[in-house]
Amino acid sequence: MSAVLEVHNLVKKYGENTAVNDVSFDIQEGEIFSLLGPNGAGKTTTISILSTLLSPTAGDATIFGHSVTRDPMEVKRLIGVVPQEIALYDDMSALENLNFWGEMYGLSGGALKTRVKELLEQIGLADRAKERIKTYSGGMKRRVNIAVGLMHQPRLLFMDEPTVGIDPQSRRAILDSVKSLNAAGMTILYTTHYMEEAQELSDRVGIIDHGKLIALGTQSELTAKVGEMDTLILHLAEDEDSGHLAQALKTLSGVLQANPSDHTVALVTPVAEELLAPVVSRANELGIKIQSVDMREPNLEAVFLHLTGRALRD
Amino acid sequence: MNLRKLLLIALKDLRLIFRDPTGLVIMLLAPFALTLGMGALSGRFSGSTQLGISQISVAIVNQDSGELGQALEDVFTSRELNELIAADILTDPAAARALVDEDQIAAAIIVPEGFTASIFSPESGGDVPVVEFYENPTRPTSTGIARSILESFLNQVEIGRVSGTLIVSQLLASGALQPQQAAALGAEVGREVVGSTEDSPSIKLNANTVEGSGAKFDLLAYIAPGMAMFFLMYTVTMGGRSLLVESRTGTLARMLISPTNPGFVLGGKGFGIFLTSAAQLLILIGGTSLLFRLSWGDGTAVALLILAAAFGASGWGILMAAVLKTPGQVAITGSAIALLFGIIGGSFFDLHMLPEWVRTIAKVTPNSWANEGFRILSMGGKLAAIQPHLTALMSMGALLYALGTILISRRGLVRK
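Chains as they are written, first to last, in our numbering: chain A, 1 to 314; chain B, 1 to 416.
Pulled out of the complex, with its shape left as it was, chain B reads as follows (with noise of 0.2 Å):
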């Protein structure tokens, strides 16, 4: 009974949102909007399949001489990227950085030497050489993209990794494989795993062009995650509001004197923060995919990283109310929020222009987490690679509705 109840207030905020014109703008219109205007001034809805960005100049100098290194360069240079990517293979890693430096091109890949080994070598004990990525701070979206499609390769990379690592100490824990056997059996799982990009890639890339012929990286798949968690934010500190908002007019009053235990009534407000949050991501997600024919990649990858993005910001709603005092309170702090975690959590530019210590404080904010989980996907990427994402989004949401719900137990906004 008291589940149910849950669900009905929760229900009830959710329906309320949708019915509250301003919010619906903020939610809805002006992501659309903003997606829309950046897309437009990227030169996206030009009419042609051509992307807005093109040709983006980048350097590869391949130090290393096994297949790893090979494939990197075989991705870049791949006939599905040659409209995007205008790849140079050089040997001089001081030339590829010279390049970068004069703004001559927009990104330098050096792969050193020995980074096949390193991986498919249990000898190495997890010390696996740096793949460099040296980028032109003043291109910073051509930089970005560069970098998504590297962070992909990695990823499969670091799955094959790990599978190997995991299949072959358990066969040892087992006794069903010989130590002296493990070296070999450990570089062939992980070759067999990086292996199946050959088959399906990770960076498969965008495949339904308005032609659907030919894969294509569409920029936007690169704006609308951003945008669309921008304003995320504010949808939570439209959720947080409301708790401090039904406080004030009486309504969390008389749902607490019905005989609901409070708790329920406590957390049907957060999962109404929650279930409108998820809402909101789902339509603009929908909503780009149908009119502007954008595609976010796996379908069960999309889904719950939506869920694990909106519990994560949602955490964030429940955590304002939880400290701040009155609804304009939550409403300045909740925009001021929103637009610093836009900033450093890479809602607007790209994450890595900004220095180290931003990076690291961006990892607190929902958006750095799934932008680039939703960017990965996109791009091809699947469950197995944002894995870290879900985690950190489903962990920052536990901490924050636990948090808030501990201090506004004590403050007595449930009970004095």
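Next up, chain A with everything else stripped away, as it sits in the complex (with noise of 0.2 Å):
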């Protein structure tokens, strides 16, 4: 495999803020390469400037040998973007924004009518085609959003947090489309938020946070960071003080780490199964009650834990 994309030093900042820190990885042909991270950690930004729309305040990006810099226009004929809002016209139908996006990616003429009616069927809106986009379900928004980027059938597709705010199923089937797009051989760059996301599609996952890249590999590489710890996340009431409860829980044997955030704290330790009363007892001597514990085994969410002290959807 060579990589497609490669990604040196980036650096994006507003004035004091850094939006992204520093960042450097690459994306193989044919992987599909997760960037993991919570909301605000730098993974839109990172796209746009791989998608040409930002400039970087430093470092640079080649998408198959082309400087995002110094090349755009030949970037942007190389990649498709689907970006995390709908962006369609919503008194447009799906056909009428298939044609258009399809003539700005300079289709036209039967080549045109052809890939419209492919994407069409390939997005199970044939029969829907000529409503328009307004009276769509939102599930069915985002599929033409995926198939306006894949209109000019491009090698390396970005996708950016592409089921934010759909239902389970529209999001299953989301999620097969992208398996099957790689399975044709697409490389996929795909942000998202949910862990469950990251570890069910990528061959390899960068996790991002305040801008920085804090780790990179592939899944089982990343676990390994955390080696055999379990994670216990304590559920408490939403008056209880979780800050208090996670700095008495530190000094417990065999707690790691104790991080508070809105009305739970995370644990990091190797007996989970062994820790679990004194922690309920040191709970009700500080008079807090715990309404439920999940324990989770290592994952990439305890390897955010693990790096950041933070749960991922904090």
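Hint data in this document are derived by calculation from the structure and do not stem from the laboratory. All the given hints hold, so there is nothing to weed out.
Per label pair, the in silico range of CB-to-CB distance:
no.	chain 1	residue 1	chain 2	residue 2	range
1	B	Ala303	A	Asp167	51 to 57 Å
2	B	Thr333	A	Gly287	55 to 61 Å
3	A	Lys13	B	Leu3	34 to 40 Å
4	A	Ser2	B	Ala303	54 to 60 Å
5	B	Pro21	A	Ala126	26 to 32 Å
6	A	Glu16	B	Ala398	38 to 44 Å
7	A	Gly109	B	Asn2	16 to 22 Å
8	B	Ala402	A	Gln257	58 to 64 Å
9	A	Thr57	B	Thr300	53 to 59 Å
By construction, the Cβ of each residue, glycine as well, lies at the ideal position given by its N, Cα and C atoms.
These two chains come separately, so use the hints to put the complex back together.
Shown next, in the form of structure tokens:
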């Protein structure tokens, strides 16, 4: 395999705020590479730079050997982008939208007609192609949004959180379509804040937080970072003080990390089952009621927790 | 390829705006309804061919002993205008002004001594005595109509003067004419051009009345351009707003991610505003012609004025999108600007009713230039008579588009 995308020390600053901080990674041909991180971590900014929409403050990236800063037009021809928002015209039908975006990508005549027909069948909307987008459900809009990104059959596809705000059935359909696109040979850069999606789809994962790429590798490489650690998630009532409980639990034997967030405390420990009783006991002593406990084996969320001290959805 | 995409974006915007029911109400229904309403109030649709306004009383004091003063007198007392204008010929300017002051007449026109001679004599050095139009502020519509007739006449005179000067100077430069012959030739050319009003009068007035019998002034030709230009400013506001809406919904970013030069994406949006504006004016003008049997005048000149007015006005739409931050701000500010431009630009009442300084400010509005241009044409004026209006509107558009583009680029709307 060869690298189709290489990112070198990418930086994007807005005044004092650094949205992307010295990010470097590469994507091999035929891979699904996920950028996993919470909202505001810098995923969309990174994709925007790679798709030539934003200029980096420093650093560069090459796509199929073309620099995004020096040769943006060639890069645009090679990539497809599925943005996070539904970037479609509500008062135009799916057919009209696809025709418009197809022409924006240089398709015309019979080639355009054939491609639009193919895509409409692929996303299962051929029978509703002439209805306006505003009459569609959220999931149907997402499917058209993806189809636009595939219009010119790009070799590299950027998908920026394509499952945000849709029902489980549509989400499943989108994840399946990502897999089939990849099986057909397309290289995909997928951003998400859903750990499950990254786990299901990715060959490799980059974990990003506060603009920095804090971990990079295959899932097994990443989970190895937390070793045999389990994670105990303690769910508290709304009025309970998670910070106070976390401080108290840090002193327990076997607790490596105790990270409070809204109504939860996450404990990283190699002895999760043995720790349950002393944790509940300490909480009782403090008068804090634990509503429920989740025990998680090593996964990407645990990796994120291990690296940042915060849960992925904080 | 990029030009094709520019057109594609513009046509897409045109299609979208004509699919928006609110947009259609503002763009087409409202101006039609208001024109219809004002026409009805003025008696335009009373079933007769009589004018809503008739027998506008005007006093003419002709102190000029030449043919131009007489020609002006003849125009205001002509058979074609006898239903519209009731002109009295007086000799004392003070008495004529007094009649206006006492609200007995709508306006007094005072042609100064030596008017003809100053026009036809190159020795005057361009120092032409001014024809005074003394108006009654309580009769804005009547005075507006009388002034339009006067301005149309003076435009034709000016064309004659300029033509004569131009021809003589070119002949002198080429050596084909001796300086001592210049004065006579200049006067002759000027007379010929001005005299052409006999056969092809600039003040022909609307001949297409219901029965097609006789030329008549049509009040709707006075109202309709004002309404069209007033609502055109709403349309350009919607166009400017659409740029920010597309920025928010992500479709602008998607266009910029496509293999299209960002300048052409912005150009497409700008051209879309222009196309929409031109289409609106075309529909309104075509519609009023068909529905109200209104004559807008010389077809070529009207078409050019539509394009120029759409260009000048749409520049404001681009500028609003460049300066304001949100679609909501554009909508609110655009409405305020449309109203302000409508008032000071003469869309609701005659511009000459306003103080001089307001009229000077009004020059920045596309309304003032376009309204006047359309009225000149509807009164029978030709393309040459609206050259200044076309130039002003085109310059306005070019300046605003350039400024808007620079500001949009600096703001990072097309690339950050």
